[in-house]
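There are 4 protein chains.
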Amino acid sequence: MVIVLEKNITEKQVDNIVKHLEDFGFAVHKSQGVEQTIIGAIGVKPDFDIRKVKILEGVAEVYRITEPFKLASRSFKKDDTQIKIKNVVIGGNEVVVMAGPCSVESEEQIFTIAEIVSNSGAKILRGGAFKPRTSPYSFQGMGEDGLKLLRKAADKFNLLVITEVMEISQIQLIEKYTDIFQIGARNMQNFSLLREVGKASKPVMLKRGLAATVEDWLMSAEYILSNGNMNVMLCERGIRTFETYTRNTFDLSAIPVVHKRSHLPVVADPSHATGLRDKVLPMARAAIAAGADALMVEVHHDPEHAYSDGPQALLPDQFAEMMRQVKLIADVIGRKM
Amino acid sequence: MVIVLEKNITEKQVDNIVKHLEDFGFAVHKSQGVEQTIIGAIGVKPDFDIRKVKILEGVAEVYRITEPFKLASRSFKKDDTQIKIKNVVIGGNEVVVMAGPCSVESEEQIFTIAEIVSNSGAKILRGGAFKPRTSPYSFQGMGEDGLKLLRKAADKFNLLVITEVMEISQIQLIEKYTDIFQIGARNMQNFSLLREVGKASKPVMLKRGLAATVEDWLMSAEYILSNGNMNVMLCERGIRTFETYTRNTFDLSAIPVVHKRSHLPVVADPSHATGLRDKVLPMARAAIAAGADALMVEVHHDPEHAYSDGPQALLPDQFAEMMRQVKLIADVIGRKM
Amino acid sequence: MVIVLEKNITEKQVDNIVKHLEDFGFAVHKSQGVEQTIIGAIGVKPDFDIRKVKILEGVAEVYRITEPFKLASRSFKKDDTQIKIKNVVIGGNEVVVMAGPCSVESEEQIFTIAEIVSNSGAKILRGGAFKPRTSPYSFQGMGEDGLKLLRKAADKFNLLVITEVMEISQIQLIEKYTDIFQIGARNMQNFSLLREVGKASKPVMLKRGLAATVEDWLMSAEYILSNGNMNVMLCERGIRTFETYTRNTFDLSAIPVVHKRSHLPVVADPSHATGLRDKVLPMARAAIAAGADALMVEVHHDPEHAYSDGPQALLPDQFAEMMRQVKLIADVIGRKM
Amino acid sequence: MVIVLEKNITEKQVDNIVKHLEDFGFAVHKSQGVEQTIIGAIGVKPDFDIRKVKILEGVAEVYRITEPFKLASRSFKKDDTQIKIKNVVIGGNEVVVMAGPCSVESEEQIFTIAEIVSNSGAKILRGGAFKPRTSPYSFQGMGEDGLKLLRKAADKFNLLVITEVMEISQIQLIEKYTDIFQIGARNMQNFSLLREVGKASKPVMLKRGLAATVEDWLMSAEYILSNGNMNVMLCERGIRTFETYTRNTFDLSAIPVVHKRSHLPVVADPSHATGLRDKVLPMARAAIAAGADALMVEVHHDPEHAYSDGPQALLPDQFAEMMRQVKLIADVIGRKM
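Heads up: the protein sequence lines correspond to chains A, B, C and D, in order. Residue numbers for the first sequence follow the numbering used here, beginning at 1 and rising by one. Residue numbers for the second sequence follow the numbering used here, beginning at 1 and rising by one. Residue numbers for the third sequence follow the numbering used here, beginning at 1 and rising by one. Residue numbers for the fourth sequence follow the numbering used here, beginning at 1 and rising by one.
Read the hints as simulated data drawn from the structure, not as lab findings. Treat the hints loosely; a few may be bogus.
Because identical chains cannot be distinguished in the list, a pair is counted as satisfied if it fits within a single copy or across any two copies.
As the list claims (entries may be wrong) - Capping the alpha-carbon separation at 25 Å, the derived lysine to aspartate or glutamate pairs in DMTMM-like fashion look like this:
hint	residue 1	residue 2
1	Lys77	Glu11
2	Lys199	Glu144
3	Lys54	Asp278
4	Lys327	Glu94
5	Lys54	Asp317
6	Lys52	Glu67
7	Lys260	Asp79
8	Lys54	Asp79
9	Lys260	Asp15
10	Lys7	Asp49
11	Lys78	Asp278
12	Lys54	Glu94
13	Lys336	Glu321
14	Lys54	Glu215
15	Lys70	Glu215
16	Lys260	Asp317
17	Lys78	Asp302
18	Lys54	Glu304
19	Lys148	Glu67
20	Lys52	Glu304
21	Lys54	Glu11
22	Lys77	Asp278
23	Lys54	Asp80
24	Lys84	Glu22
25	Lys30	Glu94
26	Lys30	Glu67
27	Lys176	Glu94
28	Lys70	Glu57
Work out the full structure: start from the sequences and follow the hints.
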């Protein structure tokens, strides 16, 4: 931690600040300049609240100089985390595509879509059985019946399963059916849930919250990692800004930023980021061009009758075209698909 | 719902749109202008996804014309909701103050602070026993022991209790000790939790999420209301913006906005909104001047040694001064305290 | 400037960084910790681009530790700036109210409104003669004719004049008629214009840009101050966020923040911040409660026929009521009006 | 315009609203539903302030159903605007690259860089002679001397010139040297300047403001178009959000959004959007993948000694590599470079 002192500070005030820092357990280094004095405080714990120093008399600014996350940090682990699930690796050289409907709606629906996405090269089937909906009056998902159908459809077409867990009591149930737990954007800081999936045996995909900085996001990952589950992937799905033409603002710069700061793989979800079907193809291309390790997209063979999010689902032929183009872009940057 | 058609639309396209709308169950009214045609679709359900219409060929814009929330709406209930808990009423003419430490830390701490805030006129004691912390390495609260101390301290000094519930499994336990459940900003869209506190017997204070619009916030209130718990109060505590001098941006305009759109009482929390002690007093005054029904503020007698959020806690004499000034402002706008 | 080095940095890399810093003209202090090394670089110029250091091999983080503004800073000038114009002082103990229509529309209109606002206690008449409008098809103001009417009306009712200047070529003209130059939010970073009003003889009110941090805002003030015009007041009028119920989000916390960082007076404009008449009264009260030195509000006797911004203009009796309430709140915090 | 009335509105209130609408010059169509009445008001002018209706007694919501911009709209002009300057076309099938230093610093510097970017395939040379800097103490550009050098260097290496104009008085001077006027983000709503470049004979590149919605941006374009200059290109360069790892948030979704709503070409500037050199390559790729018509990037052969923005400038070999990769991505989506 670095503490910048005010310009006209008295000796006594400086001593008082130093005493406080020592009481907090820091080793203190003072650098006196002509105009300004700076104090370096070494040995800060990741959870130290720097505002405790900010409010001391005579302190102008305080900078925490260590990242608040540890296990999620690139400085903790130099090599990219590769998450191996059966024959699929996320975070390696290959770009992986997760696709499927927003919600599982029926046996026919999920089998139809599973076949379509498998044929076009997707490796993982997505589909919600427990749905977090803004309105209490909206379709809330099929529950365990949905999970069973999702598993059966995935197995039939040689796909893995990813599905969302909304609360602690669902973890055990969902773990029976899924290959990857999805934590939704609205639960990114549901710390109780994070802690419990951190104790689960399956990998977790953590979506970025609408108002989460990259640092907040990595701190939430830290909850999962610090409970023992090292298989965490992050999913960028748009942040909330003043712009309203798109549902959210797809922060693609976050992809290289996370890759620099962390060893965890990054998935990009252009369906939720834009909210409209005709923006999904260009944004899927852009996400791969920006370096995403995987894509998550919504696909539906009959989106007009989808129970949820139909308008952002790709049609089967649009999905096939997306796969074709995305594969070519992966080639350009030296990746496979 | 109002649908604006594109200017050069063909007859056939119009017919197709009308057919879709009728299939969705709407009564359709067509208004043909010289340049532009508008369709009114009457009978929309609150959870209808208007993007289903937006993506039809020939549609330029779609406007949902009904609010997506119902029970939370001022048009559903004209009169202000007044929440009566023992001898305290929230949402009536009297301005109520909730105060206390961020976390319950020890018997001595909570009794000391309870006495201080009670002496200065607070009616409700706040204090966390289960703490949602950004870092997994930070103090996570005393759990049930904290709840017991909080209750005892409140009872001794004739105060009510408000404390945060973070997950479904805590509801039953907390209900034994608290008078009001607090749902934190990070759980504002934890719909599973909202549903369950909606079945509880105690009132709920719902904090606004960092990226939540007023509409999102009222939709989350709707989850609680639609499960039977009509005693919901809302708490503005700052939203996330680009400005970084303050922890969050305190959206005080939301107070009159909510009062116009909804019948639910509004609490304002200047401690979390600003994050720094010296901004709490002016912002507490501003919140009451803007029409808040209640204030929630953090108070600590020894903030330098607080386990969490010490830098934003008022000192006892600052709290007394705040109460004095806030009372005078309440008088100006015809309210009591 | 403080430079935090990466954990596994080599000696050679450290030397290279030190050499660069010395080349940039800094005095360098190295503090070697067990895990991490920190470098203090003393003597940074306010305009040094710290990214030049950020990109050096082995640098983890860089913190500029001096504020980029100088003349605007509280550390440059301890006492509040008081701007005296004839018998009015802005930034002193008295709260000053500026009121009037959005645009000057006619002799009758501006005289009618000037009389109304003067009778209720306003000291300064506002009114646009050159209007920055989002649409090129909207009313763009009466130009010099508007300035003449504004001056005449103000003189008759013993008011000062504030009016907006949009471009350099208007400065000389407007200076003949106005007492205060207003720089609009959209021109807050029109640096050419700032430089020129910095050479003018009349005080300047600088509105905060929609996306401007407090630091950006003070930097823009610095442009005016550093060109010799020390009579600058700042005006908070709402920032752009994701919330859409109000036109902008009124950042009232900026008032105590600016007062801490700078000696310049702060005006608050609830009319533009909220964009709707019925939110102006509560937000005017809140602004004064938060410590604003002055208010700017729009008033119109016939807002339905106003050429611009009618919906946010207060009616005469609403303005009178606002003045009554705001005066009482000023009393509470020990100010006069 | 569509007006939704409140549920319990009286006959008299409805009549009053209708009368107002007719006075404003609208043709009125009333659709009475069981629960709710909707009024369609046909004939709205683009600059009508819908808040005039919003504040009438009994009005619940008002929707403007026509876009506020006209000449910039895709419905006004179906075909993409192609801007031909000598042998370069912006907005056609070919992707065009504009590159060069932030500021012109010396003859040697600009000739060196012009040669580098020309060799790698750039068609347009960028470089500032008048610089809008946040700090008044920063380098403000070489002025006319810079313009002369820029023109000479461009001519020698067969490049076009783009350079920024900051104020009206510079237009005539800059027009002698440049091929394209650049309007910077901070001047996007400097309407006086927009109007005057709208009368100039050279094309204009309009950068998006930090807080500008796509609609604001197109309205600013409308200022230029409505003054007669139809050669306008738009430049996305990042918007301001809460995220601070990158300088701004690069809103790449805006590219397909603008292409749908408008016929104007879109340029993307990854240098300003991210502010850091190592993010420029992935974001340049992403921008082309998202459909940008042109790229603007900063290049410097000696960025450590650049007078401004060195840290975001690509080195010559990084630029060459970017050109190679971007060309391949252009191929994937059927474009040339």
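Verification of the hints:
1. Lys77 with Glu11: Answer is between; shortest inter-copy Cα gap is 22 Å, intra-copy 43 Å.
2. Lys199 with Glu144: Classified as both; 21 Å inside a copy, 23 Å across copies.
3. Lys54 with Asp278: For Lys54 and Asp278, the Cα distance is within 25 Å only across copies (12 Å; inside one copy 49 Å).
4. Lys327 with Glu94: both (10 Å within a copy, 22 Å between copies)
5. Lys54 with Asp317: Between copies, since 20 Å is at most 25 Å while 57 Å is not.
6. Lys52 with Glu67: both (18 Å within a copy, 21 Å between copies)
7. Lys260 with Asp79: within (11 Å within a copy, 42 Å between copies)
8. Lys54 with Asp79: between (36 Å within a copy, 23 Å between copies)
9. Lys260 with Asp15: between (39 Å within a copy, 24 Å between copies)
10. Lys7 with Asp49: Result: close both inside a copy and across copies, 24 Å intra and 22 Å inter.
11. Lys78 with Asp278: This pair counts as between: shortest inter-copy Cα distance 18 Å, intra-copy 38 Å.
12. Lys54 with Glu94: neither (47 Å within a copy, 32 Å between copies)
13. Lys336 with Glu321: Both: 17 Å inside a chain and 20 Å across chains, each within 25 Å.
14. Lys54 with Glu215: Answer is both; intra-copy 21 Å and inter-copy 18 Å each pass.
15. Lys70 with Glu215: The answer is within: 11 Å in one copy meets 25 Å, while 31 Å across copies does not.
16. Lys260 with Asp317: Between copies only: 21 Å across chains, 35 Å inside a chain, cut-off 25 Å.
17. Lys78 with Asp302: Neither. Shortest intra-copy (45 Å) and inter-copy (30 Å) distances fail the 25 Å Cα cut-off.
18. Lys54 with Glu304: between (55 Å within a copy, 11 Å between copies)
19. Lys148 with Glu67: neither (42 Å within a copy, 36 Å between copies)
20. Lys52 with Glu304: between (55 Å within a copy, 6 Å between copies)
21. Lys54 with Glu11: within (18 Å within a copy, 33 Å between copies)
22. Lys77 with Asp278: Result: close only across copies, 21 Å inter versus 39 Å intra.
23. Lys54 with Asp80: Between copies only: 23 Å across, 36 Å inside.
24. Lys84 with Glu22: Classified as neither; 46 Å inside a copy, 48 Å across copies.
25. Lys30 with Glu94: Result: close neither inside a copy nor across copies, 50 Å intra and 44 Å inter.
26. Lys30 with Glu67: Cα proximity of Lys30 and Glu67: in one copy and across copies (22 Å, 20 Å).
27. Lys176 with Glu94: neither (27 Å within a copy, 52 Å between copies)
28. Lys70 with Glu57: Between copies, since 22 Å is at most 25 Å while 31 Å is not.
This entry does not satisfy hints 12, 17, 19, 24, 25, 27, going by the numbered hints stated previously.
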